[in-house]
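There are 2 protein chains.
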Amino acid sequence: MKLYGWHSSATTFRVRIAMALKGLSFEHVPVTLRWEQSDHDQPDYKAFNPQANVPVLVDDGAQINQSLAIIEYLEEIRPEPPLLPRAAADRARVRSLALFVACEMQPPTSLRVQRQLAARFGADQRALSAWQLHWCEIGFTALEAQLSRSAATGTFCHGNTPTVADCFLVPQVYTSQRPVVNADLSKWPTVQRIYRSCLELPAFERSLPQNQPDFESPVGH
Amino acid sequence: MKLYGWHSSATTFRVRIAMALKGLSFEHVPVTLRWEQSDHDQPDYKAFNPQANVPVLVDDGAQINQSLAIIEYLEEIRPEPPLLPRAAADRARVRSLALFVACEMQPPTSLRVQRQLAARFGADQRALSAWQLHWCEIGFTALEAQLSRSAATGTFCHGNTPTVADCFLVPQVYTSQRPVVNADLSKWPTVQRIYRSCLELPAFERSLPQNQPDFESPVGH
Chain A
183 MKLYGWHSSA TTFRVRIAMA LKGLSFEHVP VTLRWEQSDH DQPDYKAFNP QANVPVLVDD
243 GAQINQSLAI IEYLEEIRPE PPLLPRAAAD RARVRSLALF VACEMQPPTS LRVQRQLAAR
303 FGADQRALSA WQLHWCEIGF TALEAQLSRS AATGTFCHGN TPTVADCFLV PQVYTSQRPV
363 VNADLSKWPT VQRIYRSCLE LPAFERSLPQ NQPDFESPVG H
Chain B
183 MKLYGWHSSA TTFRVRIAMA LKGLSFEHVP VTLRWEQSDH DQPDYKAFNP QANVPVLVDD
243 GAQINQSLAI IEYLEEIRPE PPLLPRAAAD RARVRSLALF VACEMQPPTS LRVQRQLAAR
303 FGADQRALSA WQLHWCEIGF TALEAQLSRS AATGTFCHGN TPTVADCFLV PQVYTSQRPV
363 VNADLSKWPT VQRIYRSCLE LPAFERSLPQ NQPDFESPVG H
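Top line first, the protein sequences correspond to chains A and B.
When we follow our numbering, the leftmost residue of the first sequence carries the number 183, and every step to the right adds one.
When we follow our numbering, the leftmost residue of the second sequence carries the number 183, and every step to the right adds one.
The reader is advised that the hints may include incorrect statements.
Identical copies carry no separate label here, and so any pair may be met within one copy or between two of them.
Claimed, not checked - Mimicking EDC-like on lysine to aspartate or glutamate, the simulated pairs with C-alpha atoms at most 20 Å apart in a straight line are:
#	residue 1	residue 2
1	K184	D242
2	K228	E319
3	K184	D396
4	K228	E326
5	K369	E326
Hints in this document: simulated from the structure, not taken from any laboratory.
Extracted from the complex, chain A is given alone in its bound form (with noise of 0.2 Å):
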């Protein structure tokens, strides 16, 4: 399997964590995603991929693109051991957390969209910091709320297992703690508790921006 993404990717980064809990092993291809200068914006790579993002999963002929697609596939490939629970309930509870982060938290964010708001609108380093907090304010502040009152979350997101929402929350809660960022993860007790949770275990740890070949300090955005 080949992995293409890039370190500071909070997409790419979900599908490490999966990939590490289910013991599987990938070839990394990295692929730029800088505020100056992006392999995304490069016509070889959008004929590779026309999404134009990351990551990409290249397996067996398939060439997966979304996250959360490729971790459906991961599980339905190798279910052992699974992060998605048994019950329709249960796994429509585990998607709808990570959908959450990946529809509402993230996409504001993203790099594409934060350029747009430089190009539109003028927005400085100061402004995108400002609009990454909202959007991680308004994010965990719910997360909070549906985790906290919910007998079905545990150690982790659901259960004492980690599942498919905890792939997702992991990444998102590390991009808020940059410096560009820093929220106050205290605010979300029961957010931070499972982020710490979750970073106790090698798969998460292993998966870490820093811990990647890639790696490189960031430098603002």
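Chain A is fixed; fit chain B onto it per the hints.
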């Protein structure tokens, strides 16, 4: 089953289509989603649904957020007719198309993002229309490339029966045709052809915003 949603919400529209394709009926609970006033902003709605969004499916005690989580749930409890193909790689392709719409096309144009653009950057209707058109253009251009080059594309996004990908594509195209966006669909002939094929099916036609009991004529944004 109860479906909390709104006629013009693209995310609710996705679930209506999936339910209609599966022959499932539901009680519709309107949650207003207007520029000037939304039920999402109300404390009692947030107490019910911490994610403060639509759609929400309530079924047999389960309360499920996020359109894709709802549709995957419906696929599990009511497998026929299937909205996902059988093979893992094909399922991944369908999910990746749906998730591209869900994570990259719709979110930057959501009501909550547009409101922030107005509040933080003074974006007026003209700027908001241009913003929405931008995400339509890059999104449909990517989808056109992905769909047109693949032998897996048929009458619909994947083969000759509708799948989850079509449940996501149709509301996104529909939204792009509103007067405030008015994207030129002829630029994306495969997308246009699939959209038309879908609307020939009663399940899609019946799920259109104008065929819902809470329909109101659009007034901008």
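Can you tell me if K369 and E326 fall within 20 Å by alpha carbon in one copy, between copies, both or neither? within (9 Å within a copy, 43 Å between copies)
Checking K184 and D396: alpha-carbon separation at most 20 Å within a copy, between copies, both or neither? The answer is within: 15 Å in one copy meets 20 Å, while 48 Å across copies does not.
Intra- versus inter-copy proximity for D242 and K184 (alpha-carbon distance at most 20 Å): For K184 and D242, the Cα distance is within 20 Å only inside one copy (10 Å; across copies 41 Å).
With identical chains, the pair K228 and E326 could be close in the same copy or across copies; at 20 Å between alpha carbons, which is it: within, between, both, or neither? Close across copies (12 Å), not inside one copy (38 Å); limit 20 Å.
Since the copies are identical, ignore which copy is meant and state whether K228 and E319 lie within 20 Å (CA to CA) inside a copy, between copies, both or neither. between (33 Å within a copy, 15 Å between copies)
Hint check: no violations occur; every hint is consistent with the structure.
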